[in-house]
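A.B. asks: As a plain string of letters, each chain reads:
There are 2 protein chains.
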Amino acid sequence: MDKLHFDQHISRHFNEELELIKSQMLTMGGKVETQLDDAVAALLDADSGLARDVVFREEEIDALEVQIDEDCTTLIARRQPAASDLRMVMAVSKTIRDLERIGDESKKIAKMAIILSEEGDAPRGYIEVRHIASGVRKMLHDSLDAFTRYDSDAALKTLKADDQIDLEYKSALRELITYMMEDPRSISRVMNVLWALRSLERVGDHAKNICEHTVYLVKGKDIRHGNTEALDS
Amino acid sequence: MDKLHFDQHISRHFNEELELIKSQMLTMGGKVETQLDDAVAALLDADSGLARDVVFREEEIDALEVQIDEDCTTLIARRQPAASDLRMVMAVSKTIRDLERIGDESKKIAKMAIILSEEGDAPRGYIEVRHIASGVRKMLHDSLDAFTRYDSDAALKTLKADDQIDLEYKSALRELITYMMEDPRSISRVMNVLWALRSLERVGDHAKNICEHTVYLVKGKDIRHGNTEALDS
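If you read the sequences in order, they're chains A and B.
Following our numbering, the numbering of the first sequence begins with 2 at its first residue and continues without gaps.
Following our numbering, the numbering of the second sequence begins with 2 at its first residue and continues without gaps.
This list has only true hints and no planted wrong ones.
With a cut-off of at most 20 angstroms between alpha-carbon atoms, the simulated EDC-like pairs for lysine to aspartate or glutamate come out as follows: (1) A:Lys222 <-> B:Glu71; (2) B:Lys222 <-> A:Glu61; (3) B:Lys109 <-> A:Asp164; (4) A:Lys109 <-> A:Asp63; (5) B:Lys32 <-> B:Asp206; (6) B:Lys222 <-> A:Asp72; (7) A:Lys32 <-> A:Asp63; (8) B:Lys109 <-> B:Glu61; (9) A:Lys109 <-> A:Asp206; (10) B:Lys222 <-> A:Glu71.
Hints are computed from structural coordinates only; laboratory data are not their basis.
It should be emphasised that the depicted structure is a prediction, and the values quoted were computed from it without experimental measurement.
Here chain A stands alone, though its shape is the one from the complex (with noise of 0.2 angstroms):
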């Protein structure tokens, strides 16, 4: 496992503004797993109380990003950091971002619970939002963690789970396009089940991009969009 070290300051100020941008981090990034999970639960469960309150609380994570990243640019200006420290700012601040994105899924999805609460009966692809759910609902967990322990190896691994979760929402998509045109009049209701998928499998992006993050931070290299060789150079 890579381990990093950001003990070596002469400013003991400057380790502790490292660690608070990282923990502040951390700190959206449950905000957001709850976001996730309760999105989700608010769906399966018909429960519109439920959705309501993560369009709500959705302000609260779009502040903690616009704050985060100020005390980013901010620890840029005063710190002039270098190195693993600079890559670790810069790694917030994208992490951030995808965290953002995953709330504003969530709030979609949510959005998506509301709509069809209002309208009876579970439609079908509830069997497949669980399934694709919680493998996303796994595959930010794991890449949170990894950005904690400074785990290249696990967020290599946890990247790519998001292959099988594509491939499970291609096979969810076409089954469900299969069901709609055996029921026409099911459309408008499976389109709203469509639109949550489409935001879950966004959320396994997002998560995948937060491993790459973290590759980035501990290895200082830059894997995006498959480029994995740059960790053989």
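Given the coordinates of chain A, assemble chain B onto it according to the supplied hints.
C.D. replies: Showing chain B alone in chain A's frame:
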């Protein structure tokens, strides 16, 4: 119109480096505009050759993002910019991320163009695609133009266009869903048009983000998440 001055540095090299990352970003922006144009044209003209070009060229966009992002980090580490210089580097770093995503969405549209061109006649929804694409295209162009000229008023005006695009997208969605219910055999084809529309709507979101980066760069205020009051404070 707001103007920023980056011309008072002790080091001439510093100026040149700042100008360079900005001009690299604009080069990337130009390429991304072409990708979007070609992807939409490929869809509307059922031109699978052009669509394949778009898919093929996406690597180039990805490589540009990685390279410019690295240049931004290097510049921060070596030059330790502050105030508007630092905002410039951060704004470029964020904008190239949005540009890369627009490239991504263009590739998705191109893939839909390939599938649809293999199936013959144009399905419903092409009028809507043409219309929304033209609005999104203008937004992207205007957003890059506002950045180039450090014109936060133009950026604010441009970002408001996103509301209109969202409305048109939703209306197109409703219409296509109604159409699918009337002609269920069309579902799988019309779904591909829906995904293309969805991608266009997201391009509008990213163009809006670019406008927000410009306002941040010029005014030093973060107006994301509809927080335009920040400008009055």
